[in-house]
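Residues per chain, in single letters:
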Amino acid sequence: MSILLDENTRILVQGFGRAGAFHAQQCAEYGAKIVGAVHPGKGGSTQDGTPIFNTVREAVDAVQPTASIVFVPAAGAADAVIEAADGGLELVVCITEGIPTRDLVKISFALKGGKTRLIGPNCPGIISPGKSKLGIMPGYIHKQGNVGVVSRSGTLTYEAVGQLTPLGIGQSTCIGIGGDPIIGTQFVDALKLFNEDPDTHAIIMIGEIGGSAEEEAAAFIKEHVKKPVAAFIAGRTAPPGRRMGHAGAIISGGKGTAAEKVAALEDAGIAVAPTPADMGSTLASLL
Amino acid sequence: MKIHEYQAKGVLRQYKVPVPRGEVAFTADEARQIAEQLGGRVVVKAQIHAGGRGKGGGVKLADNPDHAKELAGQILGMTLVTHQTGPEGRLVKRVLIEETLPIERELYLGIVLDRKLERPVLMASSEGGMDIEEVAAKTPDLILKEAIQPGIGLMPFQARRLAFGIGVTGDAVKGVVDAMLALAAAYEATDANLLEINPFVITTDGRAVALDAKMDFDDNGLFRHPDLVELRDLDEEDPLETDASNFSLNYINLDGNIGCMVNGAGLAMATMDIIQHAGGSPANFLDVGGGANADQIKNGFRIILSDPNVKAIMINIFGGILRVDVLAQGVVAAAKELNIKVPIVLRLEGTKVAEGKKILEDSGMNFTIAANMKEAAQKAVAAAS
Chain A
1 MSILLDENTR
11 ILVQGFGRAG
21 AFHAQQCAEY
31 GAKIVGAVHP
41 GKGGSTQDGT
51 PIFNTVREAV
61 DAVQPTASIV
71 FVPAAGAADA
81 VIEAADGGLE
91 LVVCITEGIP
101 TRDLVKISFA
111 LKGGKTRLIG
121 PNCPGIISPG
131 KSKLGIMPGY
141 IHKQGNVGVV
151 SRSGTLTYEA
161 VGQLTPLGIG
171 QSTCIGIGGD
181 PIIGTQFVDA
191 LKLFNEDPDT
201 HAIIMIGEIG
211 GSAEEEAAAF
221 IKEHVKKPVA
231 AFIAGRTAPP
241 GRRMGHAGAI
251 ISGGKGTAAE
261 KVAALEDAGI
271 AVAPTPADMG
281 STLASLL
Chain B
1 MKIHEYQAKG
11 VLRQYKVPVP
21 RGEVAFTADE
31 ARQIAEQLGG
41 RVVVKAQIHA
51 GGRGKGGGVK
61 LADNPDHAKE
71 LAGQILGMTL
81 VTHQTGPEGR
91 LVKRVLIEET
101 LPIERELYLG
111 IVLDRKLERP
121 VLMASSEGGM
131 DIEEVAAKTP
141 DLILKEAIQP
151 GIGLMPFQAR
161 RLAFGIGVTG
171 DAVKGVVDAM
181 LALAAAYEAT
191 DANLLEINPF
201 VITTDGRAVA
211 LDAKMDFDDN
221 GLFRHPDLVE
231 LRDLDEEDPL
241 ETDASNFSLN
251 YINLDGNIGC
261 MVNGAGLAMA
271 TMDIIQHAGG
281 SPANFLDVGG
291 GANADQIKNG
301 FRIILSDPNV
311 KAIMINIFGG
321 ILRVDVLAQG
331 VVAAAKELNI
341 KVPIVLRLEG
351 TKVAEGKKIL
361 EDSGMNFTIA
371 ANMKEAAQKA
381 VAAAS
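Chain order of the listed sequences is A and B.
Taking my numbering, the leading residue of the first sequence gets 1, the next gets one more, and so forth.
Taking my numbering, the leading residue of the second sequence gets 1, the next gets one more, and so forth.
These aren't lab readings, by the way, just hints derived from the structure by calculation.
Small disclaimer: the values here were computed from a predicted structure and weren't measured.
For glycine and all other residues, C-beta sits at the position ideal for the given N, C-alpha and C.
Do not take every clue at face value.
Interface residues of chain B toward chain A, partial, derived using beta-carbon atoms under 10 Å [stated by the list, open to error]: (1) Pro120; (2) Ala137; (3) Ala268; (4) Asp273.
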């Protein structure tokens with residue numbers, strides 16, 4: 001089994017420009033069931049066999065998607081995410097980077113209490129190896145298996161998977177939850193799902209400086225998770241007060257440092273990899 | 001994007017936040033003129049993008065216009081060192097000349113994003129004029145908070161709750177409440193990241209006034225505010241970082257000697273960490289983004305090498321979909337064009353890795369190829385020492 005995404009997930013692509021069309025093709029080649037795309041103004045046409053609609057509601061009526069992936073540029077991305085929720089989709093993955101914080105607050109407000117789960121924004125998406133891919137990650141580095149991967153960083157997720165697969169350790173599902181200060185699915189949400197998934201036997205979480213999501217995750221793991229958990233925190237050398245690429249990766253007011261996060265994780269009995277090169281071996285040592 | 005205090009007060013004035021009368025001066029003569037127009041005693045305040053200006057000697061009281069000219073003459077051109085500027089300090093090129101006010105109480109008001117609540121919060125404290133981070137650490141009970149909901153904004157009852165909560169009484173309550181509502185409106189309308197008034201004062205005649213103002217805007221929201229973009233002061237930014245931002249490169253200058261070029265923010269941070277773990281020190285953070293095309297690589301090299309401390313460069317690319325052979329061609333072309341002499345250690349993953357490594361080996365240049373990230377860091381540290 002896997003979480004949130006499998007071969008039956010029916011996917012709608014929102015924002016079918018060059019990047020959207022390219023990555024939709026890559027997802028389809030991996031086995032994802034792409035059922036349509038929304039690109040206002042191109043409705044009624046088809047591209048590479050994919051039917052295009054003007055609105056999410058039209059697409060829902062015609063092709064019954066259950067999930068979507070958003071490539072809409074930053075200025076319109078919040079609108080697209082909220083439109084997907086309005087259309088009743090269960091899962092929305094937002095790849096878009098650079099969404100204004102004010103729009104992130106709007107997304108948070110609009111999705112609160114509803115049935116739509118958001119992954120991202122500013123994330124690589126989600127992949128259930130061997131089943132389906134709803135994201136921009138390179139599919140070939142993955143291997144089907146029993147480790148759940150959850151990370152705030154895209155390339156560090158690839159790095160972790162790139163270390164696990166050669167060790168013969170496959171993955172149940174890998175989720176990049178995104179680098180923005182407000183995101184949909186948090187570490188705790190992903191950990192909860194992995195904890196409940198019988199086919200996930202161990203978990204690796206990759207955090208970074210900024211905010212307190214890793215500390216909350218540590219508390220959750222300590223109380224609820226019986227499966228082995230490995231972790232890595234990026235940004236031990238990051239200077240305070242600077243945004244390290246991700247809008248959410250900032251030490252502010254002395255809070256959100258790597259040292260605090262590592263301490264919280266270790267206190268919860270989680271094995272923290274000393275360097276990013278040791279993520280795979282740290283997890284392997286727990287199996 | 002940060003702006004100067006006088007600019008922030010200009011923005012706040014548009015949203016009907018009460019601020020002292022005053023104007024910016026670039027010369028001592030201008031300072032004198034402004035002081036004359038204001039009449040009476042004035043305060044001369046250095047304008048730099050850093051706090052702690054008073055303690056550093058950048059804020060002074062002048063009794064009359066000639067005195068204002070004299071003080072402005074001293075402050076303009078001085079290198080102001082505060083706890084936020086670092087030891088090298090910041091050159092003062094502008095001063096704000098402002099009326100003085102009879103202060104009865106100093107309060108603190110600030111608006112920031114609360115990541116846990118996923119809403120902006122207005123924070124208020126009776127401890128105005130103090131370092132708010134210190135107040136938060138020592139006496140967190142003295143900071144009250146109200147979340148600002150999208151759509152409806154800050155409600156008057158929330159502002160009243162804060163005002164009464166921090167001990168504002170009598171006629172001043174209305175002024176403080178109105179100012180809080182105006183500040184919340186300004187924060188929302190300008191896509192601000194941070195809006196801080198420290199101190200926010202109540203005068204002896206009962207007026208509520210923003211005596212200081214600090215604003216920092218969300219870079220991702222600036223496309224909606226061409227008027228605010230014009231307030232950017234490049235003198236206050238690291239020239240290398242400005243240069244990088246013009247090529248969509250995310251660069252932060254640090255004080256080590258190993259230049260880093262990495263795709264992805266998380267991996268870029270982790271690369272800095274592993275360099276330190278190997279006993280070295282990173283010279284910069286540089287995220288070239290997911291694409292890492294030839295032009296970005298060239299400009300990345302150019303910017304890294306503008307830092308004279310750089311003794312070696314570590315390139316760490318986990319390409320995935322990216323083709324390593326294409327990347328390698330870009331690296332070779334850029335290294336030749338820029339005549340790079342420092343050793344370059346590369347760790348490359350992605351499709352067509354073998355072809356990419358061959359291109360680097362056949363180039364006849366000073367490239368070292370590492371099998372993994374750890375080895376790359378060790379080789380880069382050895383090359384730099």
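Hints versus structure:
Given the 10 Å rule on beta carbons, the hint for B/Pro120 holds: about 7 Å separates it from the nearest Cβ of chain A. The restraint placing B/Ala137 at the interface with chain A holds, with a minimum CB-CB distance near 8 Å, inside the 10 Å limit. Checking B/Ala268 against chain A: minimum C-beta separation of about 6 Å stays under 10 Å; hint holds. About 5 Å separates the beta-carbon of B/Asp273 from the nearest beta-carbon of chain A, less than 10 Å, and the hint is met.
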